[in-house]
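Colleague: Protein chains in written order, with our numbering: chain D, 15 to 377; chain P, 2 to 396.
Among these hints, one or two may not hold up.
Unchecked claim - Some but not every residue of chain P turned toward chain D, in silico, with C-beta under 7 Å:
1) Val-34
2) Arg-123
3) Leu-143
4) Phe-146
5) Ile-369
Just so you know, the hints here were simulated from the structure itself, not pulled from any lab data. All C-beta atoms in this analysis are idealised placements derived from N, C-alpha and C, irrespective of residue type, glycine included.
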Amino acid sequence: MSANPSAAPMAPRARGSRLAWLKENLFSSPLNTLLTVLVAWLLAMAVPAMLDWLLFDADFTARTAQECRQAQGACWAFIAEKHRLILFGVYPYDEQWRPLLATLILIGIMVCSAIRYFWKPWLGLLWLAALTSVAVLMWGGVFGLSHVENDRWGGLPLTLILSTFGIAFAFPFGVLLALGRRSHMPAVKSLCIIYIELIRGVPLISLLFMSSVMLPLFLPEGFTIDKLLRAQIAIILFAAAYIAETVRGGLQAISKGQYEGADSLGLSYWQQTRLIILPQALKVVIPPLVGIFIALFKDTSLVVIIGIFDLTQAAKAAIADAAWRGFSVEAYVFIAFIYFIFCFAISRYSQGLERRLDKGYQR
Amino acid sequence: MTKHTSSVPAPPRRRLSWNDPSTRALLYQVIVVGIVGFVVWYLVSNTLHNLSVRNISTGFGFLEREAGFAIGESPVSYTPADTYGRAVWVGLLNTLRVSVIGIVLATLLGTLIGIARLSKNRLVSGVASVYVEVMRNIPLLLQLFFWYAIITENMPGPRQALQPLPGVFISNRGFLMPSLQGDAIDWILGGFGLAVVLVLMIGHWARGRQAATGQIFPLGSVAVGLLLALPLAGWMAGGAELAIDVPVLKGFNFAGGIALSPEFSALLLGLVIYTSAFVAEVVRSGIQAVGQGQWEAANALGLPRARALRLVILPQALRVIIPPMTSQYLNLTKNSSLAVAIGYPDIVSVVNTTLNQTGQAIEGILIIMAAYLTVSLSISVFMNWYNQRIALVER
Chain D
15 MSANPSAAPM APRARGSRLA WLKENLFSSP LNTLLTVLVA WLLAMAVPAM
65 LDWLLFDADF TARTAQECRQ AQGACWAFIA EKHRLILFGV YPYDEQWRPL
115 LATLILIGIM VCSAIRYFWK PWLGLLWLAA LTSVAVLMWG GVFGLSHVEN
165 DRWGGLPLTL ILSTFGIAFA FPFGVLLALG RRSHMPAVKS LCIIYIELIR
215 GVPLISLLFM SSVMLPLFLP EGFTIDKLLR AQIAIILFAA AYIAETVRGG
265 LQAISKGQYE GADSLGLSYW QQTRLIILPQ ALKVVIPPLV GIFIALFKDT
315 SLVVIIGIFD LTQAAKAAIA DAAWRGFSVE AYVFIAFIYF IFCFAISRYS
365 QGLERRLDKG YQR
Chain P
2 MTKHTSSVPA PPRRRLSWND PSTRALLYQV IVVGIVGFVV WYLVSNTLHN
52 LSVRNISTGF GFLEREAGFA IGESPVSYTP ADTYGRAVWV GLLNTLRVSV
102 IGIVLATLLG TLIGIARLSK NRLVSGVASV YVEVMRNIPL LLQLFFWYAI
152 ITENMPGPRQ ALQPLPGVFI SNRGFLMPSL QGDAIDWILG GFGLAVVLVL
202 MIGHWARGRQ AATGQIFPLG SVAVGLLLAL PLAGWMAGGA ELAIDVPVLK
252 GFNFAGGIAL SPEFSALLLG LVIYTSAFVA EVVRSGIQAV GQGQWEAANA
302 LGLPRARALR LVILPQALRV IIPPMTSQYL NLTKNSSLAV AIGYPDIVSV
352 VNTTLNQTGQ AIEGILIIMA AYLTVSLSIS VFMNWYNQRI ALVER
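Let the sequences and hints guide you as you build the complete structure.
Modeller: Here's what the structure looks like:
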């Protein structure tokens, strides 16, 4: 390949001439020309075929599966037919405005958290209000909303709930674990290390299995937690270990002088942690924390394996319909697109944030 | 206990006082350990009670019993008459097989794409960026389902199998590739092994000589020569005969060659494609982390480009690359547990079947955790050793 790190990051571009741009960027050397031709040939083979399948030969309007199979391309009519099932699972059909509203609230609170204007102490209250209203909307039972058991929840709102509730509860737990790992008390420190390393050493699936198989054994007889809550607990415990390691990185980046300065002011441990250390440490680790959120968002798809009706499981349920056999690729592409939009938007935001937060340190 | 006491030179008399930080620390720790201990005791006693109510005996004795279920694919011989212990072993081997192959392929593909992302060629770097962004923003599980659906539902049957290269077949029964057969195989492998050992030894000697005398040994060309010549010599020694076993269609399926099941193919494809996107980012940031001045200094010393890359840039880039690369390898190994979703018999899937049959949930989960912890710790110990070897030696 023609990696050339020795070149200046932004070479002055010859202006005014597209030909010059082409020559500089695509045909600067024989190797480069060869690569360009090769990649262009590959694209010419792949892209038109893909576009044909996705759009030009696709069937958007078919009424039945038979009709849809006539088409050469994708059968988007299948998605049109099944989109309510994929997006909202088996939530009662007439009540599906409630999960829709809950989804919008969750997206809204995420967008709010991304805007710097909202980075105030009352953002926590806003989160509390949002999560409460989501719970009320989904469960119902008050304000004249009919009660819906949580085993009927599903689809996109469930994926969002698992990831946002997961990060919201894992965050304080993870910060405590990170502080514990940096503690001078040997007993606290070793407990935290054991927890963090144990959780990070095993896959999330084994924790999900554990929560679905072993949690009922752990609890006293007659006391049960429902399946969704068990999965949520596993996700929280899992995410907390990763958050702890990230936050620890931030704590290590704080210079010793900050601790000594806080000590000399006579602040107690919790005062210096709250007022001096954490504000600086957390600022450093915001971008990796966003990365953890993206990973968590993707990882919620694993709850499929213990049979929870999230977005991925809903897509599988749509595929399983005997009347519409054989369109699994369409369903997977559809939900992959949804996952992609969320993850890509968040990661773009994280990159921008990293640049903006870096400003203070650039000289 | 705390750092404060250690700096005070031998206090005259220790009294238990609330104002003494070490007393407080001790008290806090007693409280924390007490709470954790109580919770653990509570959970364990509940568990024991629940187990006795359900008539489940604890212990690993069940591993000796007959498993009674078949496993789709296995690197070692296995029949349903074998024990649960053997089944778990097969599962572990399957996990290791897909992880090792996945790590090698993901490293190669990821490095290629990472370098391509830095290319001055806009077309190449653009395609690489799109690949990275798309692949790492879609959940791995979904990608596995996708590839599995492509292979099992959208590929033709064995009779109409696709043939992208002569002898390579893709059908809804998986991938088939030609394999080498003949007595010479062992000789060739032996020659290759000997060549690797020789290259390592010569490399060690050449480094020592260069450090002592400053003379540079042409290690690269000698290594290539040895790696080619010795297997060739082995082939000659083995009687210079080698048969290529090409898969052929017999009845409704293929016979001969190396067969990769749809489950294994989908899992490997998904793991490699997903992880390579992350590896590409690691490689890219590692190379970018080496300063411009290093290239210029190497140029000023008169080092040719290739040698500058090998002697100056790569050693520094590796230092940045190794730790995140380690965690990508660990992730790939842990992610291979998603095999359970598409029916590849890895350790999680086998243990899951076992605990459904025997009800030994706790032992099963413990086996999974112990297996992954062992693998994770081994990988991280090895990578930490390698990391220390290449770490910056400061005076």
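Colleague: Taking the numbered hints from earlier one at a time, note which ones the structure violates and give those numbers from smallest to largest.
Modeller: Violated hints: none at all, because every hint is consistent with the structure.
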